Amino acid sequence: MTISSSSGNSSRRKKVTPLDVKRPQEMAREPGTSFLRELRLRISSLSQTTLELEQIVQYFFDEVQSAVLVEGLTYAHPSFGVDLQYGSLEKHRASYRLNTQQQYFGEITFSRRKRFNETELARLESLLDLFIYPVRNGLQYREALRSAMTDPLTGVGNRLAMNNALDREIELARRYGRPLTVLMLDIDKFKAINDIYGHAKGDDVLCTVAEYIEQSMRSVDAVFRLGGEEFLIVLSDTSLAQAVIIGERIRQSIEVSHQGSASEPHVTASIGISEFAPNMSADDLIKRADRAMYCAKEKGRNKIECAPA
Numbered sequence: 001m002t003i004s005s006s007s008g009n010s011s012r013r014k015k016v017t018p019l020d021v022k023r024p025q026e027m028a029r030e031p032g033t034s035f036l037r038e039l040r041l042r043i044s045s046l047s048q049t050t051l052e053l054e055q056i057v058q059y060f061f062d063e064v065q066s067a068v069l070v071e072g073l074t075y076a077h078p079s080f081g082v083d084l085q086y087g088s089l090e091k092h093r094a095s096y097r098l099n100t101q102q103q104y105f106g107e108i109t110f111s112r113r114k115r116f117n118e119t120e121l122a123r124l125e126s127l128l129d130l131f132i133y134p135v136r137n138g139l140q141y142r143e144a145l146r147s148a149m150t151d152p153l154t155g156v157g158n159r160l161a162m163n164n165a166l167d168r169e170i171e172l173a174r175r176y177g178r179p180l181t182v183l184m185l186d187i188d189k190f191k192a193i194n195d196i197y198g199h200a201k202g203d204d205v206l207c208t209v210a211e212y213i214e215q216s217m218r219s220v221d222a223v224f225r226l227g228g229e230e231f232l233i234v235l236s237d238t239s240l241a242q243a244v245i246i247g248e249r250i251r252q253s254i255e256v257s258h259q260g261s262a263s264e265p266h267v268t269a270s271i272g273i274s275e276f277a278p279n280m281s282a283d284d285l286i287k288r289a290d291r292a293m294y295c296a297k298e299k300g301r302n303k304i305e306c307a308p309a
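Numbering-wise (full-length UniProt numbering), the sequence shown opens with residue 1 and increments by one.
In case anyone wonders, no lab produced these hints; they're calculated from the structure. Predicted model, so just to flag it, every value in this text is computed and none were measured. A hint or two may mislead.
[Unchecked claim] In silico lysine to aspartate or glutamate, EDC-like type, Cα no more than 20 Å apart, as pairs:
1. Lys297 with Glu229
2. Lys297 with Asp237
3. Lys191 with Glu264
4. Lys189 with Glu230
5. Lys191 with Glu298
6. Lys303 with Asp188
7. Lys303 with Glu214
8. Lys191 with Glu229
9. Lys303 with Glu230
10. Lys297 with Asp188
11. Lys91 with Glu118
12. Lys189 with Asp290
13. Lys114 with Glu125
14. Lys303 with Asp290
15. Lys299 with Glu230
16. Lys201 with Asp188
17. Lys189 with Asp203
18. Lys299 with Asp188
19. Lys297 with Asp186
20. Lys201 with Glu229
21. Lys189 with Asp204
22. Lys201 with Glu264
23. Lys303 with Glu255
24. Lys299 with Asp186
25. Lys303 with Asp237
26. Lys201 with Glu248
27. Lys189 with Glu229
28. Lys287 with Glu171
29. Lys191 with Glu255
Build out the structure end to end from the sequences listed, making use of the hints.
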């Protein structure tokens, strides 16, 4: 494990392997450290009760305070989109970059209003081996969940992720009276694209369409691939009129970016829009958008149609 640390205005760099970290039997020989043995056992036990990364970091923050006064803790791993903070972020900080020989596991920062002394820093470092391996497991679990909810080709959400998101959005729409709309998008004549240009090109089209959908959405919206060439876009807190604007932006971006040539297909999409009503189920909402989408195809494709109120 490689540790880089800083505290207040001073800094130091230090390389520590797992064998360098003090073990319980070594700390037992040091005066006044019996509570650290118990703390290590408690942290170890708590870390084995969950694979949820947020809970692992919370347990560590709660328990480490019995050894060193810590007012705030942050843990971040940009590659996994993790940025967690507990307590308050104060002036004086001790930051550690967590590595093993095989992998980087993010950075942890302890902070408080008073500068850390050398004894406290050594005590924090002695506990980090209890943090890094549960965090590794938590990151692996997080990635497994993400993979289970992601379409492997396009990288957008899959049907399972859609079901979870839509159930959540419908509950919020019912509880707070917020508008909710969904867009069903189908790539026009996709079978012909596969037949003429090949399935590899068809896969490229699916990926680029997914990218243009994401670029045309707001950050609060979500897109899911339902299979084949169909995508569902969930627009939270969005009226039917607003959904038409977003849908038209998506439709135009796909058409403009795929004009077609001898080696590239001309790509367009038909979109159906459905607005949520309190008596609707998720299935009702999707079916209405699906019918509207087929209506757009019947009217010549590359169009947007709204489900009747």
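Cross-check of the supplied hints:
1. For the hint pairing lysine 297 with glutamate 229, the CA-to-CA distance comes to about 14 Å; that is within 20 Å, so the pair holds.
2. The hinted pair formed by lysine 297 and aspartate 237 fails the criterion: a straight-line CA distance of about 27 Å is larger than 20 Å.
3. The straight-line distance between the Cα atoms of lysine 191 and glutamate 264 is roughly 15 Å, inside the 20 Å bound, and the hint therefore holds.
4. Taking the CA atoms of lysine 189 and glutamate 230, the gap is about 12 Å. The hint holds against a cut of 20 Å.
5. The suggested pairing of lysine 191 with glutamate 298 holds, with an alpha-carbon distance near 17 Å, which does not exceed 20 Å.
6. A C-alpha spacing of about 10 Å is found between lysine 303 and aspartate 188, which places the hinted pair at or below 20 Å, so the restraint holds.
7. Only pairs whose Cα atoms come within 20 Å are accepted, and lysine 303 paired with glutamate 214 is accepted, the gap being roughly 19 Å.
8. A threshold of 20 Å between alpha carbons decides the hint, and for lysine 191 with glutamate 229 the separation of about 9 Å falls inside it, so the pair holds.
9. Of the supplied pair hints, the one linking lysine 303 and glutamate 230 holds, its CA atoms being roughly 15 Å apart against a limit of 20 Å.
10. Note on lysine 297 and aspartate 188: the hinted pairing holds, with a Cα-Cα distance of about 8 Å set against a maximum of 20 Å.
11. Straight-line distance between C-alpha atoms of lysine 91 and glutamate 118 comes to about 17 Å, which keeps the hinted pair within the 20 Å bound.
12. Of the supplied pair hints, the one linking lysine 189 and aspartate 290 holds, its CA atoms being roughly 16 Å apart against a limit of 20 Å.
13. Taking the CA atoms of lysine 114 and glutamate 125, the gap is about 18 Å. The hint holds against a cut of 20 Å.
14. For the suggested pair lysine 303 and aspartate 290, the alpha carbons sit about 13 Å apart, so the restraint of at most 20 Å is met.
15. Between lysine 299 and glutamate 230 the CA atoms are separated by roughly 18 Å; this keeps the pair inside 20 Å, and the hint holds.
16. Distance hint between lysine 201 and aspartate 188 is fulfilled; the C-alpha atoms sit about 15 Å from each other, no more than 20 Å.
17. For a cut-off of 20 Å, the pair hint linking lysine 189 to aspartate 203 stands: about 14 Å separates their Cα positions.
18. Annotation: proposed proximity of lysine 299 to aspartate 188 holds, straight-line Cα distance about 12 Å (limit 20 Å).
19. For the suggested pair lysine 297 and aspartate 186, the alpha carbons sit about 9 Å apart, so the restraint of at most 20 Å is met.
20. Using a Cα cut-off of 20 Å, the hinted pair lysine 201 and glutamate 229 holds, with the two alpha carbons roughly 13 Å apart.
21. Among the hinted pairs, lysine 189 with aspartate 204 is consistent with the structure: their alpha-carbon atoms are about 15 Å apart, no more than 20 Å.
22. Using a Cα cut-off of 20 Å, the hinted pair lysine 201 and glutamate 264 holds, with the two alpha carbons roughly 8 Å apart.
23. Among the hinted pairs, lysine 303 with glutamate 255 is consistent with the structure: their alpha-carbon atoms are about 11 Å apart, no more than 20 Å.
24. A C-alpha spacing of about 14 Å is found between lysine 299 and aspartate 186, which places the hinted pair at or below 20 Å, so the restraint holds.
25. A threshold of 20 Å between alpha carbons decides the hint, and for lysine 303 with aspartate 237 the separation of about 23 Å lies outside it, so the pair is violated.
26. The straight-line distance between the Cα atoms of lysine 201 and glutamate 248 is roughly 25 Å, outside the 20 Å bound, and the hint therefore fails.
27. A threshold of 20 Å between alpha carbons decides the hint, and for lysine 189 with glutamate 229 the separation of about 10 Å falls inside it, so the pair holds.
28. Pair hint lysine 287 plus glutamate 171 holds up; C-alpha atoms about 18 Å apart against a cutoff of 20 Å.
29. The suggested pairing of lysine 191 with glutamate 255 holds, with an alpha-carbon distance near 17 Å, which does not exceed 20 Å.
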